[in-house]
Every structure is written in C-alpha cells, then in structure tokens.
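> Chains as they are written, first to last, in this note's numbering: chain D, 1 to 290; chain P, 1 to 307; chain U, 1 to 222; chain G, 1 to 1012; chain E, 1 to 147.
Because the hints were derived from the structure by calculation, they are not lab data.
Note that beta-carbon positions come from the ideal geometry of N, C-alpha and C, so glycine has one too.
Check before you lean on any hint, since a few could be wrong.
Partial list, computed: chain G residues near chain D (C-beta under 10 Å) [as the list claims (entries may be wrong)]:
{"no.": "1", "residue": "M692"}
{"no.": "2", "residue": "Q693"}
{"no.": "3", "residue": "M868"}
{"no.": "4", "residue": "P872"}
With a straight-line Cα cutoff of 27 Å, these simulated DSSO-like cross-link-like pairs (lysine-lysine) come out [said to hold, decoys possible]:
{"no.": "5", "chain 1": "D", "residue 1": "K117", "chain 2": "G", "residue 2": "K657"}
{"no.": "6", "chain 1": "E", "residue 1": "K135", "chain 2": "G", "residue 2": "K939"}
{"no.": "7", "chain 1": "G", "residue 1": "K281", "chain 2": "G", "residue 2": "K245"}
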Amino acid sequence: MTLQNKLSKGDFVVLAEMNTPKGVDISDLVTNVRHLKSRIDAVVIPDMDNGVMHMSALAGGAIIRQQGLEPMIHVYGRDRNRMALQGDMLAAHVLGINNLVVVQGEAMTHGDHQNAKPVDDLNELDLLVMVHSLLKGRDLAGFELSGKPEFFTGCQVQPIQDDDHLEQEVKAAKAKVAAGAQYIMVPPAFDLDYYTQVLTRFKSLNVPVIATVFMLKNVGMARYISINDPSSKLPESLITRIRKSKDREMECVTIAGEMIKELKTQVQGIKISASGWEDRLPAIMDCAGL
Amino acid sequence: MKTESRLEKVLASGALAVTSEVGPPRGALPEKVRQKATLIKDHVDGINVTDNQTAMVRMSSWAAGVIIKQMGLDPILQMVTRDRNRLAMQSDIIGAYSMGINTMMCLSGDHVKFGDHANANGVFDIDSVQLVQTVRRMRDEGKFQGGADIDTPPKMFIGAAANPFADPFELRVMRLAKKIKAGADFIQTQCIFNLDKFEKYMEMMCDRGLDQQVHLLAGITPMKSVGMARYMKNKVPGMDVPDDVIKRMAGVSKEEQPEEGIRIAIESIQRLKEVKGVHGFHIMAIEWEEKVPQIVEKAGLFPRPVL
Amino acid sequence: MITAEQKPLKEIIEYISPYNRILLVGCNECVTVCAAGGRKEVGLLASALHLNCLKQGKTIEIKELTLERQCDPEYVEELVSEIGRVDAIVSMACGCGVQSVAARYKETPVFPAVNTKFMGASVAQGIWEERCKGCGDCMLGITGGICPVARCSKHLLNGPCGGTSYGMCEISPDVECAWCLIWERLKALGMEKRYEEIMEAKDWRPAGGGGPRKIIREDLSL
Amino acid sequence: MQKLKDIQQDKSVLVIGGGVGGIRAALDLAESRRNVVLIDKSYAIGGLMTQLDRTFPTNNCDLCTVSPHLSENTRQIHLELSPMTQLESLTGEAGDFKATLVTEPRYIDMDKCTACGECYKQFPEAVRFTPGLDPRAPTCMRYPHATPYAFSIDMEKVSDIAALQKVCKADAILPEDTQKRTTVDAGAVVLSIGAELFDPAALDNYGGGRFDNVVTGLEYERIMSASGPFQGDLVRVSDKKRPKKVAWIQCVGSRGINRADVPYCSGVCCMYALKEAMVTKERFAESIETTIFFMDMRTYGKDYEQYFNRAKDDYGVRMIRCRPHSIVQDDETRDLSITYTTEDEARHKTEEFDMVVLSTGFRVPESTRDLAGRLGIELNTHNFAETDHFNSVKTSRPGVYVCGVAESPKDIPETMVQASAAASMAAADLPAVMDVLDTEEDFPPERDITGEAARIGVFVCDCGLEIGGVVDVDKIVASVATCADVVVSQTVGYGCSSDSMRVIEAAIKTHHLNRVVIGGCSPRTHETKFQDLMRRAGLNKYLVEIVNLRDQNTWVHIGQPEAALDKAYKLLQIGISGVRKNRSLVDHTLPMNQNALVVGGGVTGMTAALQLAGQGVKVYLVERNAELGGMATSIRRTIEGDDVRSFITQLVKDVTKHKNIQVLTRSIIVDHSGVPGLFKTGIQTGLRMNYMQLAHGVTIFATGAVANRPDVYGLGTHDNITTQLELDALIEDDPEKIKAMNQVVMIQCAGSREADNPNCSRVCCQAAMKNALRIKAISPDTQIFILYRDIRTYGFYEDYYKQARDLDVKFVRFSVDNKPEVWIENDQVSVFVDDVILGRKIQIETDYVALSTGMVADDETTEDLAMMFHLPRTTDNYFLEDHVKLRPVDMSVRGIFIAGTTHSPKTIRESITQAYAAAGRAQTLLAKKEINLGAAIAKVDGTKCAACLVCVRACPFGIPFINEDGYSQIDPAQCQGCGICAADCPAKAIQLLAFEDDQILAKLDGLFGGLN
Amino acid sequence: MENFEPEIVAFCCHYCAYTAADMAGSKRISYPPNVKIIRVPCTGKVDAIHMMKAFEKGADGVYVAGCLEGDCHFKNGNTRAGYRVAYVQKILEELGWEKDRLAMITMSAGMGERFARTAREFTEKIKELGPSPIKQFNTDTHQQAAG
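For reference, chain D alone in the conformation it holds in the complex:
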C-alpha cells in the first residue's frame, strides 16, 4: 500500500528523514535504508538543508526507490527557478518519486555556500499551484504536457515561535491546504504538552498531520537548541537527564523513543529525524515500540 493510501485510510505511518551524502559515496545511505526497510513507510529526503550543499534530493529519492522504499522529497524555490523545478518534478515522477513536501527553504547564511545567490522565483503557495497545474497536465506557462505526473503533496509548517506565530502558521497552512496540500508536517518541539497543543491546532484543518521527532545527540546540542531555538521548547530537565545518564547516547535514543511513544496516539504519522545518525534509527524505533 502506498503512503497516500495508508494516510487516507487513517493508518499510522512512520517516516525517517535521511540526508543525501555530501559527495558521491551513497553506501551509508543504502545501508541505513536496508536496516529500516521493513520498519518504515517512507524516507524523507531534504534538499540541501540549511544551505549546505549535498547530492540533490531527486537523486536521493531515486536511490531510495531502487531500494524498494517510498521516497518523499523536499521541494522549494531557493535554489531553482520555475523552469528547473518543473523539469525536476517531471523527472521525479518518472523516477518513481511521487511524494513531495513543499517547504520554505532555509536561508543560506549559515550554510557552506554563503556567497551563493538565492533564486526565490516561487514561494510555497506558488509551488503548490505549480504541482497542481502539473497534475492537471499543464505547465505554468499553460502548455500541455505529454503525459500527466502523479504526486502526493504535503506542506510543512515553520517552527512555531510563539502563540501569535502559531495563529499565522495555522492560517498559512489553511491556505496551503486550499492550494492542494494533502498533509501537514509539523516541526519538532521537546515539551510534549506544548507540542500536543500545537498539533491539535493543525489537526483541525482536516488533513493528516505528521509530527516530527528530532534526536538530540549530546548535552552541547541540547543546550544549543534550548538557548537558540525558542520554538523547540526544550526543558532544562531534559538536559539534566542526558547529563546525569551513564550512557548519554543511549539516553538520547531513549528520549526520542519516548517522545514517539507519546505522540503516536495523537497524530497520523511521525517523521523521525536522526540528523546524520540514521544508524541509530532502529534503536529509537525499538525504544518507541514500533
């Protein structure tokens, strides 16, 4: 059954986020996928996250497809104009990539090519319109396509900074759903009560909501997030917990597992982001009882 079928049937889905390599050695990616194959429903492939140059998500998606798993790739307008994007979408369909997430694309200020020029031809809504148009067999210039692609397309919410921002995002998400987004991905937060509240707001939009669980790796990372990312709502007690544990890495795995366990009942799907530590995904899923 495809991801789309499962979500529309109301089944619970598990997605794992995996980055493409910075280089051409795909062995880690392939190994990680093989270890997870029977346990997840799709692999989410970001495209040059945070402005760090990687192999394109399109190729990553094709590799995942070769391994027999469903890929879901990020689409955004920072690096490509409408020509390149449409071309890539057509290629994606042909390569067997039918799941898309339309995202905003992060600024390049902290990436490894800070001097690159952002394109920003299309924004998120434009992209959804573009996908919608392709689905109908026309490109953005109105020309008819030979053969229509098929896509299951969702959108992503920005990290929620505060209550006002939450309202804005809910509004934006509503517009995106109206523009054709078929599911909503919500970025992670570490305070479960708070996260539940946030998720509830998006559930009211009547499309499947997918929550994100982000794996912490050590005290330094947790500390950084707690200081610099107010949207994370990372409580001090979590840092203390990691610091006090005997095996910190295992504790981080356990924390991620526990969060999944808690969220499982509230949403239609979970995306697990191990951020480069995909080899720990099986352990997280064990802890989560998945």
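Use these hints to put chains P, U, G and E onto chain D, whose structure you have.
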C-alpha cells in the same frame, strides 16, 4: 479444631500463648532433655525442640520431642530443610505424629557454614514455605508431596518462623503472607529488641488482615550481658539490637546485667501484649531455661490456662 | 562459561611423578578465558614442572599443546600423533575435556591439572562469580533475571531467609543476598505480585536428580 | 655527530640559545620541515633546566623528561646544532636576513670524539664537559649526557699539546682549531637566551656566597640532584650532615625591596621554593622542618594553588608571611639564625636554621643588551625584550621573535608555549614548504631475506679504550666467531665513526649478511644510527641488535676485567641468539589529512585558525555562537591600554575573509572518530542543527572558559556590586559616573581559591590594577581599596602594582577564614573587613564594589568534548594537557591541541601566545605527509584468539576490540607498543612485534647457552 | 659455595630502568657483573612465562625493573608487572623454591646510583640463597659422586 495440639487450643481460647524451647543434647543421654523440660513445664503451652540448631549435630529433634511427649508435656517439633530431603522429612513427620507429636515448626535452618560440619552439603531440596505447604497438604488433603495418598494423615498444627528485621524490610510481611498462604497456623518471630520497628511490622501485617489468619507469637530473648547484646547486634545475621538497648545493658554493673536483661524481656512482653496481632510469646532463653518461669510470672502470663 | 582454577602444583607433581614423557594439553575455550588452562597457563605449568624436576636433577619431556576444544572428539583426535610418544597426559581443560581425552586414549593415563569450579560470569577482569547451577528448568523469567538456585546459599525459592542483613547473605558479607537482588529487580520491573505466588517444590530431575543428563537433537544427530 | 649540512642555499630559522625554549622552538621548526640553525654560546645545550633536580608541579625528576628532547635533535635532518657560537650581526629584513655567526674553537673534532673521557681524566683542568662534583660551583655542572656528546678543550690551559693529542685514541684533538665565522641565510630569528639568576653575594644581609649553608635555590637543586655534588644526598655544605631545619627566603633580589633588587617579580620562585620544600620532605625525611618566608604567595599557574595547598596541608611546610631582616652565622656550628617580624606582631623574632635557601629570581645579564643591539631589537625598562601587546613573541624588529625568560620571567610550561609560538611565527616568515622528499627516504630498496638461513655479522667496537681498555676485544670477537650462524666477527675501532660504519656496510655486502650484532654503547643513543646503516646496506632496520658493552659493562666493571670479559661474551651471546629471531618489520604509516579543525571562535581560536590558514592549511573554525569573538568581547581594554574591541573586529574580519578558513558558526560537535591524522568529526550546524561531517588531520580546542559569577558578596543584588568586567565597561562608557564616586572597593579572589573552586584565576590581580589605575586616571580623588589575600602581579605586572601603591590605592589583606562582608542598608553599600595589619575591623562606605571573580571552566562543554574525544580533564574541569611541564599545548591523544582559557585561566595576550603555539604544534604534524607509527605494535593471531576480552580490558589505552569475526583486533595506528596485552593474553594469541616471545626466550637461551 | 657467582637476569624497561643502568655507566658506578639486562619496552611486557623460563634455563635470580609507581610510560605496566612477579613468586614457593630469587624493583631514569645499589643488593641476596635449586642438585650429586 484442626488438630489435637494444646497450642492450638490455647490460641483458640483467645488467651496469650507462651512457648519456649529446649535444645537437645550433643549426646545420647535422655535425662538432659527431661531436666531442661522440667524447668519450664508449668510455665509454657508448648516446648520447641530445636533441629540441629546453628548447624551443630545434636540429638534428633523428633527423638527429643518423643522424650518430652512421654513426660506428658507438649513438644513442638522443629524441622529444618537443610539436612533432609523431602522423603526423609515426610517420613519423620509421620513418625513423630505416630508418637503423639502434633505441633511442628517448619524452618529452612542456619547455613552449614556456621556449624561444626562446615564441609557438609546443605540439602535444601525444598524451602521452608514449601515444607509448610507439604505438611498442610499431608494434613488437609492426605497426600504426600509426590501426590500419593496417606492412609492416616498426620494432623500437625503448623508453625513457621518470621524475622521482621532482616532485609528487605518491606518484603517481610509479604513473606509472612506467603507462609500463611502456604498453610502456617502460627508464627514464631525472631528475637525482638527493636520494638518500634516490630510494631511497624505488626501494623503492616494487620493492614493486610493477616492477624486474622494466623497466630503470631512474639520472640523474646533475655540477654545475659552487654557482651551478648553486642554479639547479637554485630555477629548474628538478621538481628536488630538498637543502640539504646546496648546502652541500657552497659549502664549497669556486670553483676546486675543478667537482671537488667530479664527486666528488658519482661518490659518488652508487657508492651507487646497490647500490640494488635500478637497472640502470644515465644521465649528463647538460650542456655538459660531456668529463668523462663521468672519471666513468665513477672510478665503476668502465669498461671497458664488449664484446658 | 565453565570456570576452573589450577590445582595445587603439589598434586599435579604427584600425579606425574612416575612418568618421564608428559603431554600437557590446554583448551582454547572456557579455561582460556578464565585463565586456568589456555596456551599461556600450559606454558607456565610446563615451566613449573620443569623447574620441579630440574631441582631433583631429573629432566622430563613435556610436550605442550592446546586444542581448540577438548570436549569435542574431532579436536581430541588431534592428539593421536603424540599418544605413542608420551607416558601420561595432563589435561588443563574442565572435567568434560579431561574425560573426553581419557575416553579417547584409554591406554594412556590422563590427569586433571585444574579443578572445575562452576558456571560463572566475569564480573570484572580476573573475577568470576557463579551464576548458574544448570538445574535444567530455568526460572529466571519469574525471578527478575537473577537465579535463586545458583545465587542463594540455601537455594530458597520463596524469598530470603531471616539471615539477610544490609542486602548481604548470612554466610558472608561479601555475598549478595540473591533474594534482595530479585526483589529490587521485581520492584523495578513492577512485578512485585510475582513474589506473592508460592513457588512449588522444585522438580530436581532436570537438574540431575534423575541421573546423568543428556540432550538429544534428533534433527542434528544424524 | 650530525654533519654540518650545506643548507646555505635554503632559508633557515636562526634559533639563538639552546635551553629548553630554544630546543623546543628548533625541534618544532625542524619537525615542520623548516631548516634550523640552533646556536648556543656554551659547549653543550640544555640550559638551566638540566641543572634542576625535580620540576614542579609533577615533582618528577628532570633527567627523564628532558633527555628525549635532547637526544631528539640528533635525529633531525633539518636541524643544525652549533655550540660555542654567537651571533655577530644581523642584516636584511624579515624573510631575508643574513646572520653572521662566530664559532669559538672547540679543539675537538665532534665527528670523532666519543666522549670516552680519557682526555678529561688526564687533563682535567683543560677539558670542559664534566658532571662536576664541586659543591661550591654548582652552576657549572651540567647534565651528564650532554648534547653534543663531545668534550671541548680550553686551549689556554693546555701546556703540552702533543701529550693531550696522544691521549685521544680517536684522534679527535684539533690543536689548530680556530675561531670560525659563517653566515646564514635566515628567514627569521628566534631568541631564546633566557636570563641569569641573581647572585645574592650582592646583598650583605643574607650572607649569600659567604655562609656555607646559605645557598641559592639553584644550588639547593644541585645538592638534591642525583647528578649533583653529593650524588643526590641532601647534606649541608659545611659538615656534610643532613639538615634538620631548612628555611627559604622569597623575593631575594626581586620586587624592589632591597638595594640591589629589580622591581619586577620573577614569577617562578614561589613554586620552586614549594617544590624544594616538598621534595625535601618526600625524598629525605618527613621530619626535616621546612619554612618559607614570603610576602605574597604567587601560585597563579594551572593547578598551582592546589600544589601550594598540598605543601601546606599534606606536607606541613610552614609558611611565614614576612621578609626576614638578616641572617647571622654561628662561626662554630655554621648554623644560621634568621631575624624576622611577622605582620601581626611588631616584635623581632630570631630562629635557628641548619640551612637557608635564597629564592633568587631572574636577572638580565649585560650580554643580552649587547645581543639586542646586534639584533636591532628594543628592550623594555627591565632590559627584557620589548614585545607586541597582542603578541608576546613579536619583537620590535619584524622577523625576530623571542621566547622564554628573555621575554619576561616565566616557568618552563610558559616557556614551552612561547617557544612553540615563536617557532610558528618564524616558520611563517619562510617560504612555504615544498613537497620535497625527505632525505631519509634516500635509501636503497630493502633486500627480502625471507627463507634465507641466518648469516650474522658481529662487530665489536673497542670505543677507544672505553671497551677495549677493560676487555680484550679481539678475544671476544674470536670466541663468538664460532657461534652458530656467525659468518663474520670482527673488531671495529670506533663503531660509530663514519670510517667504521663504512667498514661494517661493506662487510654486510661482501658476506651477504642478513643480520647484524653491534657490540658497543647503549642502543638508547645509538640504535637509530645503526638502523640507518642497515638501511643503507639494503637491510631492514629491525635486523640489527645493539649489545651494550660499554655503558652496562666496561664502564661499570673497570676493576674486574675478567668478569667484564665473561659478561661481554654472554651479552654478545644474548645478542646473537636474539637477532637470529629478528624479522623484517615495516614501520606503520598512515596518510595525513591536511585539514585542521579549530573548535571555538574566540580570540584564541581565531588566532590559531589564521596562523594555520596563513600556512596554506584548510581550517574549519567551529563556533557555537552566532558570532565570532568569544569571551574577549566582554573586555574593553587591556592593562597595557589597548582597545580590545577594535582588535577583535579586525581579527573577525581577517578570519571571515580568509580563503582557507571555513567559518561554521552556530555549530555543535556531536561525534568524533578516526585516528590522529585521519579524524572525522560530526557537527550540527545552523539554526536548524543540520548534520555535517568534517575530515581533518589535527584538532585545536580553544573552547575557552566562562566568566565566574559566584553568589558571594551580594553580587547581583545591587547595581553597584559588580564584577571587574562590568567595571571595565563602565570606565570606558561612562567616565562621568566614575568621577562621581568617592570610594571604590575591589574584593579579590571572589569565588576563587576556595574549597569549591580551589585554584587561582590568575587574571584578577592585574585586572584590579588595570581598573584601579584607569579610575585614578579619570578621577584622582576617588579612593580605591583593594581587599586581597595575596597580590599576584607576576612578572612585569608588578610595575602596575607599584604604580597603584604610588597613587595611594589602599591595599588591605584579609584571610580566607575571615572574609570581608558586604552590607546594603538604605541602598548604601558598605564593606567590613578585618585589617590584619591594623588588627581591627574597618568599615568602608562605598559607591561601588567590584568583585574579582575570575573565570571557571566551561564544565558542560569540556565534559561533552572530553567524552567524545577521550580527553582527560583536571579536577576543576579544564582540559588536562599531555605533560603539564613539557607539552603544555599537546593533549595525550596525538593530533589534538589546546589553547587559551580552555587550558587554564589566562589573559588575552597569554591566550594568543598559546594559540600560536597550538598552531605551531599542529604544523609539526601537518608538515608530514604520513605518520610513522613505528613497528613495535601488538599483533593478534586470530586463529589462537579466544575472544576472552583480557586485552580489551588490560590495554591502558583502550585500543583492542573484538571484531566482527569474533577475535581481538588491535589498530596498529593506535597501538602504543607497551606489550601489556601480549603478556596478559591467556591464549598467547598476541605478539608485540620487535619484542616477540621467541625473541626474548632466544635471548635467555643465548645467555644460558652453556648450561642447556 | 664460597666462590659462587650467580647468574642474574634483569628485565628492564626501556624508559626507566634501562636508562638508569646507562646512567650508572656514565657515572662509572660499579655493580656486580652477575646482572645481565634484557631490554623490554615496558615491564608490562614481561610475561610470567619469561620469568619462569629464565629460571628453567639456569638463572639463579631474576628481577623485573621498571619505572617508579605512577611514572610508567604506559600508565600502569609496572603495576601489572608487580602483580605478575607476586604470582610467579607464589608458584616458586609451591615448588619449594625461595621466592626471593625473584623481585620487582622500580626506579626512575635518573637513578643510576639506585640501579647499581639494587644490582649489588640483589646479587648479595642471591649469593646468600646459593645457587638455583637446579644447580644445587647438580652440585650435590657431584659431591656425592666425588665422596
């Protein structure tokens, strides 16, 4: 009445029961047993006959028990699982019963390491809970442990031991419950010096309603000297002798210490009489049997009821 | 694994005193790991035996060999070429290994060089503790993963005796009370209820009460 | 001796001064494949440190720690050592200097001299190089294993030249030797000439130089030293009896108290006095009473305060805060009495001592001024080299750098830091290193000897008469000739001379030898030399065995020629039997990754990154904050008056625009793997914490410390109770507010030197002086009180202390058990303090309280990193370097370096110096294309391994692991070669190559061959 | 046994004891020639078997000389060697040998004097103990044969 046991009858009457004990001699002279039993015969409802106490070889407890029985007294046969397997124990039980012994205590026994045959192999085929269960099934179901029928089942009034002071404390009442569930009719406790802790234990016991299911006899040991008190505190596993008791013993001259020990024992009995769930006392006057009458009398437990 | 420790040298020396050509056989399994009979211990024992003989002005021939496993006939077979050339075999394997060698080479006396101790686990480098009695009817599932048969001095199955103090066994303050450990574990697992069930008298037949034990896997035995 | 190489056509760095600093700088440069000329005016290098007995804070004996450094230089291809040489002039400019050098005649051919000592025995007055036993002149004694290992002759004292020449069997005496003048094309110059120690004879009150039992600190070191006048026995000079009561007097000649004093603090004397007192008790007798008379206890270095506490509390060293007036000697007993007054008692006291040690400090000799003139560098008011305010090794003349005590008084670790920093700066002035093959690769291909029967050649050196004079070498050679497999057995005159080496090389070829035994001196000093010989002869370098017939035989059995002969024979048997089992081994090498990871984007990290990037190294600079700058951004001005902000702004600009630096802000390290030279580190970067892996060859940690904000003296409860940092900003931003203040109180050691934070924060005393002087400059009438425990204005900071006193800043001392109290009443802040000297409590109503809170380690960060990188930390959570004395920036894991306040508290200037040092040390590794790990590594035979985990648990370095195939695996790149696993393996599955069991047993066979 | 000259093997670690021996040499401090050094990288490398084999092959005394406690170049090799020496001493005792024929000694690289003193003291001790039991037997039988 489940049995003919005098102890059962005393307890059933609602009176506070008193038992004490006699250690069989390390030799074949029956007179020794009689002498010791005579010392306490009028002051107790049952006489425990210990089974190779502290893992030292002594006259077998059932033989000594028979001697006491022949004196017209009421022996309580102690049996430890350390030295015999289930066959030997069951055969001894029916043997003892056939000689008129109708009350027994089921124990696991001190480890052989402490005794005079440290090189012996501890049997421990079954444990004390399982022995209680075995005796109960022999009596109530008329069946041996292996399942075969007994043509005349031994009607034993079954006792078991409890140590409220060993670790872990929270497990102690549960373990008691287990023994009761297995079939214990009465319980004799380890020597009680820490009365506060014992009262807490009794509270926990009553909370579970166990006082309704079993007769508990509080263990009392008079101390001869401060040296003995210290020894029991430091050297005897599972013993809880609070510092103020030691201080009290040390506070009097050496000559007065035996008297002080007896005073403490009596005071303890008087305090514990009022504790809910305490149905009697088991006085263990180790090699000091002659003092038992004095304690019983001064504690107001004399005369013993006549049945 | 099976643990063992070397016998007093005096005893080994006595065994071999009538012989001049000795085959000293180690085993590369358990006894290697517990530093009782691996290649290194074989070397050390050979050296010690040499020293002893040299002291008496004798020389003996000691052939050192370490088998992969002495409890498997195929490995024991590797000794065959040496058998005619020695007067006695000293085995540094556990009792099983010694018997395997003795069973195969009936015409040559076989002596043990170690005392086989118990089935144990390494708790720290150089320290091994008994963990299993091989009772043939494992109850670890209901005792929180701690074995009362092997680790309670009285093999009690229904809880701690009255001799426990500060979590230690009455026989020694160095021995942990198995039942205290079990109880702590059951609590941690939220399985306190388990304790309240009376464990029936144990059937000791699988533990050897029914005579020497045997495992037959018919699917493998052909 | 190392041949003087023709390096004229290449640019070199000229290092002046062969003390530890000069040696470190020269070694760093040579290891970075830069040519170095190291000159020293003395006939042997080593400097002051070789005369010390044990060094603080480890209290280890120095010989063991220095000796590897001394012998290292003989192995360096890029290093030319020139003793007895001085600089005459320096012309040109940075990158293109011409240095003219003058070498005094040695009258000894260093290539021929074997240091046999014959000449010294017969002409002791004319021969220099002596382990010296003259108790009166301890400073002329030197480390017995001198480098170069050769004598020198004082020709003026030779009466009969012919007789002297005759004595030398090596024919090494050169009577016609003359002064030589050479020029060197130098790209840069490193000055490391140290300083002299103050001669207390200039003072008449302490009897220095006059009383037998009054010695200087250094003389005391010599007395305790194993190579000293009494062979390491502590005795009084007067009667050779063990003293029962020893006193130390601090600041003799320093801190401007007496007539002949200098104004600055010598920085090291407090620590060395503590060390000497502790070692006295530790090594000689607990009962020896030790007393230190001091003014301020200046234990400001890393963990030094704890050292001080140990001396006081554990060793019972008595501490008396006072300055004794005088010492009087009892002419009969030669006992000494000291008269002194303590601060709490006005009365004079007199106390008897057996020995008194004067803690004398550093003094710049006249010759330094001359040299500075020739170098064209400026000196400061104290005649030390004037250096840049933000770069302590940069002198006034571009291209000339200074390190060690020549810059300012300092201890050995700080000297080592500066030496590495100076080397790094100097290297940057040279053209970039070309990828030329190292000369050591110029060897013929190795012959494969597998399957060959052993053909052993035995060569016994008579070492002049050193060996031959005691035993009959020909007889030995003849007797071993009959040994199995010995094909050649012959005597060679001086085995290590080039002539003899050629003879051996020829014999190897002629007789088709495949194994060689050399009978001669110690393999410790000569193994490399003969290994090179083997390689020249086309054999593997592990096929030679050196038998120590000299140091461990003839030298110690001079009076027993027969026994020595027998022993020589047996030792050779050991060698022959052993070498038979030797195998060709390959040194393990790995390719170097040429990138560097610098963690921490503060001043230290940025400086290190820039320095490396400037040398063509690709640098990843990882910073967890959004901006670069670090802790220094909260400081406005240095004590020298420089603007810190503009300095940082420039630094950030330079770093950001540098093409070799990849700045990764908002980045956290999350994992780490690999081996030195091939590290891989995972980071989470950017606001969304994306994962990224960096490959690098070296790592520099510059993660800094954090400003301490302890909950003391009401900090945080009132606007006018702040730290020195806030005061620093206030002075800069709002001088009007300062002017309005009548009274300002500063409290030192706030939250430092106490039970929960036992060490000294080092920077606070100078910070207090800085702010006090700045306040006085703005508002001369503002009264300033500095409440202190010890004023620790080490080195030239003492000048600021003096200025503050001159400007009437009030200094009030308090003790840790009776600390000041801060009260706030109706918004008025008051400070109460017990004035020890006045003996009463005083109250100061103050406008402002500045607490000197110093800094504490960033526990959370260092803990995280320590776990990931397997690095040790100190008890107060700073990183712990590999060797606190000699390797202050290297971590125990090769390829990892630390700098700045992540090492210990320090000023910006000191942090920058360490940053250069770390960059320099990193350069020494990066200069190599591959890492040689030697051949002595443990190897597992998987078929024997029982996977018992013994090796896994036994390895002190945690290297072995059980691999996927189920047996132990030891990474040759990480194995340290101790062999502990091999000895413990119960399955005998591990062998330590080059020391295999059969080699050791074969040696035993050789020894007992006759018996078996 | 008046003129008994024992054969003594000293396993010396490269970093401390061997260097100390060289130091004794350069200071010309004499010690008995009976001591023959075998160099190892660390005393932690000295296997119990090496000590036993040394006796087996004919040594009258054996000692292992390493760095001072806490100064081992490899952290704890000397401590391990100390334990092994104690273990082998136990074996020797079981065999009826004098355990003092084997010893563990520590010193720093600079202690030439200590190296020499140790060598002297150990040689003296072995002289007191007499030849190794192996040789004693040889001599005894020799004397018996002669007598």
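> So, as I understand it, the hint says P872/G touches chain D; can you test that by seeing if any CB pair is closer than 10 Å?
violated, 18 Å
> Please verify whether K135/E and K939/G have alpha carbons no more than 27 Å apart.
Roughly 37 Å between the alpha carbons, so the hint for K135/E and K939/G is violated.
> Assess, step by step, whether the Cα of K281/G is no farther than 27 Å from the Cα of K245/G, and give holds or violated.
holds, 11 Å
> Would the stated hint for M692/G survive a check requiring a Cβ distance to chain D of less than 10 Å?
holds, 6 Å
> Does the closest beta carbon of chain D sit nearer than 10 Å to the beta carbon of M868/G?
holds, 7 Å
> Hint check: is the beta carbon of Q693/G less than 10 Å from a beta carbon of chain D?
holds, 7 Å
> Within 27 Å, alpha carbon to alpha carbon, are K117/D and K657/G?
holds, 18 Å
Violated hints for the displayed structure, listed by number in ascending order: 4, 6.
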